[in-house]
Each structure stands twice: as structure tokens, then as C-alpha cells.
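Student: Using the hints, position chain B against chain A.
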Amino acid sequence: MNEIAPTHVTESAMPVCARVADGSPAPDPGPDPALCARAPIGMLCELTHRCPLQCPYCSNPVELERANVELTTAEWQDVMRQAATLGVLQIHLSGGEPTARKDLEDIVKVAAEVGLYTNLITAGVTLTRDRLARLVEAGLDHVQLSVQDVDPENADRIAAYKGGMAKKIEVAGWVKENGLPLTINCPIHRQNIHNVPRMIDFAVEMGAGRVEIAHVQYYAWALVNRAALMPTREAFMTAAKQVEEAREKYKGVIVIDAIVPDYYAKFPKPCMGGWARGIVNITPSGRVLPCHAAESIKGLPFDNIKDRPLADIWLNAEAFQKYRGTSWMKEPCRSCPRKEIDYGGCRCQAFALTGDAANTDPACSLSPLHAQWQAVAEVESHNPNVPEFVYRRVGGAAKKPETHNAS
Amino acid sequence: MAETPAPKTVPTRLIVAADTCLVMPRHIKLRHDPGRGRWIILAPERVFNPDETAVEVLQRCDGQRSVSMIAEALSQEYQAPLEVVLNDILEMLQDLTDKGVLVKAQ
Chain A
1 MNEIAPTHVT ESAMPVCARV ADGSPAPDPG PDPALCARAP IGMLCELTHR
51 CPLQCPYCSN PVELERANVE LTTAEWQDVM RQAATLGVLQ IHLSGGEPTA
101 RKDLEDIVKV AAEVGLYTNL ITAGVTLTRD RLARLVEAGL DHVQLSVQDV
151 DPENADRIAA YKGGMAKKIE VAGWVKENGL PLTINCPIHR QNIHNVPRMI
201 DFAVEMGAGR VEIAHVQYYA WALVNRAALM PTREAFMTAA KQVEEAREKY
251 KGVIVIDAIV PDYYAKFPKP CMGGWARGIV NITPSGRVLP CHAAESIKGL
301 PFDNIKDRPL ADIWLNAEAF QKYRGTSWMK EPCRSCPRKE IDYGGCRCQA
351 FALTGDAANT DPACSLSPLH AQWQAVAEVE SHNPNVPEFV YRRVGGAAKK
401 PETHNAS
Chain B
1 MAETPAPKTV PTRLIVAADT CLVMPRHIKL RHDPGRGRWI ILAPERVFNP
51 DETAVEVLQR CDGQRSVSMI AEALSQEYQA PLEVVLNDIL EMLQDLTDKG
101 VLVKAQ
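From first to last, the protein sequence lines stand for chains A and B.
For the first sequence, our numbering assigns the number 1 to the initial residue and increments by one for each residue that follows.
For the second sequence, our numbering assigns the number 1 to the initial residue and increments by one for each residue that follows.
What the hints contain is simulated information worked out from the structure, not anything from laboratory work.
All residues carry an ideal CB built from backbone N, CA and C; glycine is no exception.
Check each hint, because a few of them may be wrong.
As the list claims (entries may be wrong) - Cβ-to-Cβ under 7 Å is the rule here; a few derived chain B residues that face chain A:
#, residue
1, PRO11
2, PRO44
3, PHE48
As the list claims (entries may be wrong) - Below, computed lysine to any residue pairings styled on SDA-like, alpha-carbon distance capped at 25 Å:
#, chain 1, residue 1, chain 2, residue 2
4, A, LYS241, B, ARG13
5, A, LYS176, B, LEU14
6, B, LYS29, A, PRO52
7, A, LYS176, B, GLU77
8, B, LYS99, A, ALA258
9, A, LYS176, B, ASP88
10, B, LYS99, A, THR85
11, B, LYS99, A, ASN178
12, A, LYS251, B, CYS21
13, A, LYS241, B, VAL23
14, B, LYS29, A, THR85
15, B, LYS99, A, GLU75
16, A, LYS176, A, PRO52
17, A, LYS251, B, ALA80
18, A, LYS109, B, THR12
19, B, LYS99, A, LYS102
20, A, LYS330, A, ILE305
21, A, LYS176, B, GLN76
22, B, LYS29, A, GLY179
Unchecked claim - Residues from chain B that keep clear of chain A, each with C-beta distances beyond 12 Å, as calculated:
#, residue
23, CYS21
24, ILE41
25, ASP62
26, GLY63
27, ARG65
28, SER66
29, SER68
30, GLN94
31, ALA105
Next up, chain A with everything else stripped away, as it sits in the complex (with noise of 0.2 Å):
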């Protein structure tokens, strides 16, 4: 006993666009090694991209998918059985506000038969108890709850919604009162992030036992919206200081994540942990792809999951394979020792910002853009007229931020 390594429980990687992961090894190859020792552990389901919110950074494309082209219950229904069948252990159900689908219940009730672990995420508003209880019913595990800020005021203006935080504690105190476990999730940005401190202590008295201080990434509407959301780089290391110190007085009774902006970070983040690796996203409409903002890199083709299997899509699809492991990559990563930490980056920002999604990502130092990637953080962030919001609406980001008058 006293010659096992003391370190008996490590931790997978839960790739979330931007989380930092433990860098932990690829998983041991199980009996089928052409399925599951591949296979994506989690699996990003937007169910829907209506939504009753309007929050200026959602993660959405700016181009919504409608309402008349999502899946169907049977649908999705069938998704979550190949799923399991795959090998994914966890699946995100998101949206837009994924509670929209009023088969939702039907939608859980397959994944939980199958054996996959059910995170509900959503922003609240339009749940009700009944609705909840009949969740958790039907299999739910957690719930993630999205807060726009802790001032009520604010929060209604961020997300454009009238009396969104009343609610919001209404159903944390449903979750904790079906047993549930509770994540709050805190988008943080410019306007928000000096209350990253109430945040936490109100996750706290909300029972939860995880919190997400996940600042803003400047993708799809955040990127429209950046000149408003962006916070200085003073800000952010307060920030950073005020979550280690949450940290430390809430050790054992709340976890905190924290999902930093690159603008200010020195390596690039580690995206979805590298492509095509751990995780899988599915559009309402059914589109399968390696991470929620592939779509932004023109040219690549992406599979429906009415048209091939899911297997199928992971193992060989083009979208899938361009950019998985590391032979893909151009100088500097090709040579760099930290490949297989980071992989380059992000490719959809890569893209964005070069043209080319196998460029290094101009997060990273080592990109010849780096340094006038960040130049605009710092410009951006330290202008004393912020824009306003261009809210997130169907076409509504075809309108740029009008001028800069905010007053």
C-alpha cells in the first residue's frame, strides 16, 4: 500500500473552450481502441438557439440557426444513445436557453437511460418548479445557472432582460431543494468584473458548490461587442487576485474555476483541449463540430448528424481530422515543446486573425501578432467612451455598434 503513488484520484480533462487543462495524458486504450479510447468524453449539445436573453457575448454564431431547422426529440433522442455507444461520458445540454425545447424531459430521459452524466445549462428565467422537478425525474444531474452580474440593475441591462436575478435565485433554491448539485456560471467582462468577489460570495450563499468566473472569450458576439466588454489588465489581475483569495477562505466548500482571457495571458490556452480530442459540439440543426465556434473558419466542411453517424463524423471527418494532434501545424509550433500542452492555441481565433486556422494563435508570444493582438486589448479596454452593446438578436450583429456615444 505504502509503495502506491500518493496520488490515487487524477482528473480528466473536461475541455471547455477555454479552461486550462491538467495536461493529463491521452485516456488508456480500452478493449475497442477504434471507438472509446478516442472517443470525446463530453459532448456540447445546443438543443436550441432561441433564447430569452439577449447577452452581448453569447457564444453562439452571430449567424442563430432558426427555430424551424433543429432536430427533432427523436432526434436528438438518437444522438444521445450513439453517444453513449461512443464513449462520451458527460453531455452539456445548452442552448440558447435549452429549456425552449419543451421535449426537453424527453431528451434527458434517453441520455440518463444510456448512462451519460446530464448537465443542465441555463439561464433560469423561464423554469418553473414543476418543470425542474419533472427534470430531475426524468435523470438530471446538475445544473449550471448563468449570472450576468450581482447587481440586479446591471444584470437586467447586460442580458436584456427585466428581472432575470429574482428568478434566478427562485431556481437555485429549486436545484438545492431537489438535491441537486448547482454550478453558477459568471461571465465576466468589463462591465461586471469588480464584482467578482459578490459573485462568489453569492454563489456560496446559493448552495453551490462550484462557481465559473469565466471571463469573456472574444469570439462570435463577444468579438462584435469586444470594445465594450473587454476589461484592462489591471482589472483582470485584481480579479485574479480576488479569485485566489476566494480560493483560499472557500477551500472545501466551494470549487472555482476560473477561465482566464488570453489577451493577457503569455501562452495560449489549450482550446477544447486540443482539436477533435475531448470534446464534440452538436448545432440545433444538427451540425457536428469540434468546437461551438468552428463554423467560423470558412472553407471547412462540416457533417450533420442526420446524414453520417456520430462515430463516423469523430474518427474520420474532415473537419475533425484537419486539425487533430499535431502534424498539422506550421513553425513556431511544429518545433515548440509546449505542442502537446497548448496546441497551438485557439484556430478558430487563429483564423480570425491570420486567415489561416493552422497559424500559431496570436495569443501566444511566439506569434508575429502578438504583440499587435494585444495592443488592441490595451487600447480597447482603457478607452474612456465605451460602445454600446450590439445585443444579441436574429441579424441583429449585421448592425454595428452605432457610434461611440455612450454617455
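Tutor: Below, chain B without anything else, positioned relative to chain A:
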């Protein structure tokens, strides 16, 4: 206007001791992953990979047996000194409790 629930008492950190009885809450799932041929712990937005020892310990965390009872059983089974086993698993159980994988049995 929604009614706000009464403020709850702020939870405190559970310090795991030899006489603590631990249990996995309902939402934590210890199971074998046949595809990958290993044990896993499914938790909110986390997957943990317990080794054989951890699985042995966790399967005994039934809310009835204390940490020292589990340590005694394992010390006999593995023919290892009780003190070493106890310290080893106390450290592991404290870590897992801090992460919400285990709670004190009611």
C-alpha cells in the same frame, strides 16, 4: 416578483478525521467505464480517474463505516501498516471531500 428564500447558513469545510463516516452524494457516480477499461467518477463537469486503491476505498464509503474502519480492513487485506494506510487514505479523502465527491453521512 419572486419570493426570495431565507438566507441559509454558510457551509463550512469538512475536515476528515479517522472517525468520520463519508458517503458519495447521489449526484456523484462511481462506475466502471467498459469502453476505456477503467473506473471513473462522474461529477459536475468533472471526470475523475481513481486508481485501484481509490476504488477500494470509495466502494467502502457507505456512510456506515468510518475512515479508520476502512483503513483497518485495507491494512489487513494489503498487509500494510495501519498508520501508513490511514494517513494515505485520509489525505485522499480530504482532497475528494474538498472537491465535493464525498460528504459526511447524516
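Student: It remains to establish, for every hint, whether it holds in the given structure.
Tutor: Hints and how they fare:
no. : hint                : verdict
1   : PRO11               : holds (5 Å)
2   : PRO44               : holds (4 Å)
3   : PHE48               : holds (5 Å)
4   : A/LYS241 x B/ARG13  : holds (21 Å)
5   : A/LYS176 x B/LEU14  : holds (19 Å)
6   : B/LYS29 x A/PRO52   : violated (33 Å)
7   : A/LYS176 x B/GLU77  : violated (39 Å)
8   : B/LYS99 x A/ALA258  : holds (15 Å)
9   : A/LYS176 x B/ASP88  : violated (33 Å)
10  : B/LYS99 x A/THR85   : violated (29 Å)
11  : B/LYS99 x A/ASN178  : holds (20 Å)
12  : A/LYS251 x B/CYS21  : holds (20 Å)
13  : A/LYS241 x B/VAL23  : violated (34 Å)
14  : B/LYS29 x A/THR85   : holds (18 Å)
15  : B/LYS99 x A/GLU75   : violated (36 Å)
16  : A/LYS176 x A/PRO52  : holds (24 Å)
17  : A/LYS251 x B/ALA80  : violated (31 Å)
18  : A/LYS109 x B/THR12  : violated (34 Å)
19  : B/LYS99 x A/LYS102  : violated (34 Å)
20  : A/LYS330 x A/ILE305 : violated (31 Å)
21  : A/LYS176 x B/GLN76  : violated (40 Å)
22  : B/LYS29 x A/GLY179  : holds (15 Å)
23  : CYS21               : holds (17 Å)
24  : ILE41               : violated (7 Å)
25  : ASP62               : holds (18 Å)
26  : GLY63               : holds (15 Å)
27  : ARG65               : holds (18 Å)
28  : SER66               : holds (18 Å)
29  : SER68               : holds (15 Å)
30  : GLN94               : violated (8 Å)
31  : ALA105              : holds (15 Å)
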